[in-house]
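Chains B and U, in that order, give the protein sequences.
Start counting the first sequence at 1; every next residue gets the next number (the numbering used here).
Start counting the second sequence at 1; every next residue gets the next number (the numbering used here).
Just so you know, the hints here were simulated from the structure itself, not pulled from any lab data.
Incorrect hints may appear among the rest.
[Said to hold, decoys possible] What the simulated footprint calls covered on chain B by chain U, stretch by stretch (three residues with Cβ under 8 Å from a Cβ of chain U suffice, anywhere in the stretch; the number is not a length):
#, segment
1, 31–43
2, 53–60
3, 120–128
4, 278–284
[Stated by the list, open to error] Listed below are several chain U residues computed to face chain B (Cβ distance under 10 Å; list not exhaustive):
#, residue
5, TYR13
6, ALA80
7, TYR83
8, THR84
9, THR98
10, GLY101
11, LEU102
12, VAL117
13, ARG127
[Stated by the list, open to error] From chain U, some residues computed to sit far from chain B (all C-beta separations above 12 Å):
#, residue
14, SER133
15, MET194
16, ALA233
Beta carbons: idealized from backbone N, C-alpha and C, even for Gly.
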Amino acid sequence: MSAPDERKGRGARFGTGGDTASVPAARTGFRAQTAEISHQVALAWYFAWSDTRARYKRSVLGPFWLVLSTLIGIGGLALVWAALMKVDAAQFVPSLTIGLVLWNMISGSVTGSAGVFARNATVIKNIRTPSLRISLQLLFQQAVNFVHNLVLVAVVLAIYPQSLSPMALLAIPGLALVLVNLLWVIQLLGFLGARFRDFEPLIGALMPVLFFMSPVLYRSHQLGTRSFLMGFNPMGYWVEVVREPIVGSVPSAFTYAMTVAMAIVGWWLALWMTRAKGHRLAYWV
Amino acid sequence: MARISLQDVTVEYPIYNAGAFSLRSNLLAIGTGGRISSEARRVRTVTALDRVTLELGDGDRLGLVGHNGSGKSTLLRTMAGIYTPTRGRIEIEGRVSTVFGLGAGLQPELTGYDNIVRMAMMLGATRGQAEASIPEIEAFTELGDFLKVPVHTYSAGMRTRLTFAVATAAQPEILLVDEVFGAGDADFQGKAKMRMAEFVEKSSILVLASHSGELIEKLCDTVICLSHGAIVASREAAVIR
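Chain B extracted, bound-state conformation (with noise of 0.2 Å):
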């Protein structure tokens, strides 16, 4: 008799679309999954992309801004914590920027997460919508900012010359994990922002302190003893596995693993709530 039960094991195709009413039988070869789900992918970058460019299409210096305002950031947190810490600007200057521009994408995506939902009311209650496509528009958002912000580690690497070795490619894997991360992330806060209004202020009263118990302004293994205080925050893990790379030291085994299984647990979460709940979304937003 009830409907809902028997579809909720069908999330097979991107997201929720699937399990919401049967699907239509010229669309479920596999060549039609796989058209389906570039749609979705395509959809969402298109989406991410005009979002930025709309943003910013009033203002002179444009998605510039972006850039910008992580350089006024790097300039104040180096000046300051430079001075406090007497540390080697040539040293620290490189490792704070990756650090900072890492954080700036990961927390972007995380306080966004929880009112992703809200605020794509509109589609998700006109439009049938898998909300997985919701949460990738977010990473892909972010995304744009981030590479922007490159502009700022290339300068600051030119500045300040590291002795890149092949070593540091192993930051591209790292930055794939991280992204892969985020995603769960994303989609799994977003259903418990979406249920429970208190999880967005929530998240934001927590950034800061997470801010500072992340390796941004200081490299793991100057915490010395302390370094277990890491292992509260999982995104400490995603700024080390990217940034040890580019200033000359290969993460941890134990990084990696960390990285991994947050990723393995994480998607496990997230799609067990995405089909647990994915038929839910519109009434909650």
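Starting from the known structure of chain B, arrange chain U on it as the hints suggest.
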């Protein structure tokens, strides 16, 4: 080919007041257990559709009438797969096109052209298809150079022209339409009705919710009347069980 089948479909909206929505009351419920939990966890619901049963196949043209809040829009959204029934079965075979909630995906800061692509893609077109539909939409909307400027400069009527044109540009199979007329000048109203009639002609199944008896009479051959979410009358009993 196309088919819509609803059996005893009931849709209930949960109403989350601040209490039920908040984490606090849920945590409180865990902390205290028993007495408070039963109060804090209760979510009141509104029955928007009440055991609706109907069968539609190729060539069916169904009109939905009823007062405000009678469940017309909920029924359309359920058929579109947006709302999942809390009880009952629904089976849809065929690609669903919707003409309601016009303007989903509209970004007022962007130009009319950008928004045509955005909205069309949102409705299921690929980037290429969306771009290919531009000349035809240009011609219908008669917005001319306004398509090159941001949509926030448009009047309400101009915005309706744009969103309506995009929504009716696709090749529909199962077509679900909620009352969309009202804005726009008399000239546009006439054109919109003609375009709608052509659009409906291309579809295999039509479900149209409207308060306009004239429109329903013109486009539909069966009419059901909803009241408090239940079907209370139908003008052609053969189709409605």
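**Request:** Would you list, in rising numerical order, the hints stated earlier that this structure does not obey?
**Result:** Those not satisfied: there are none.
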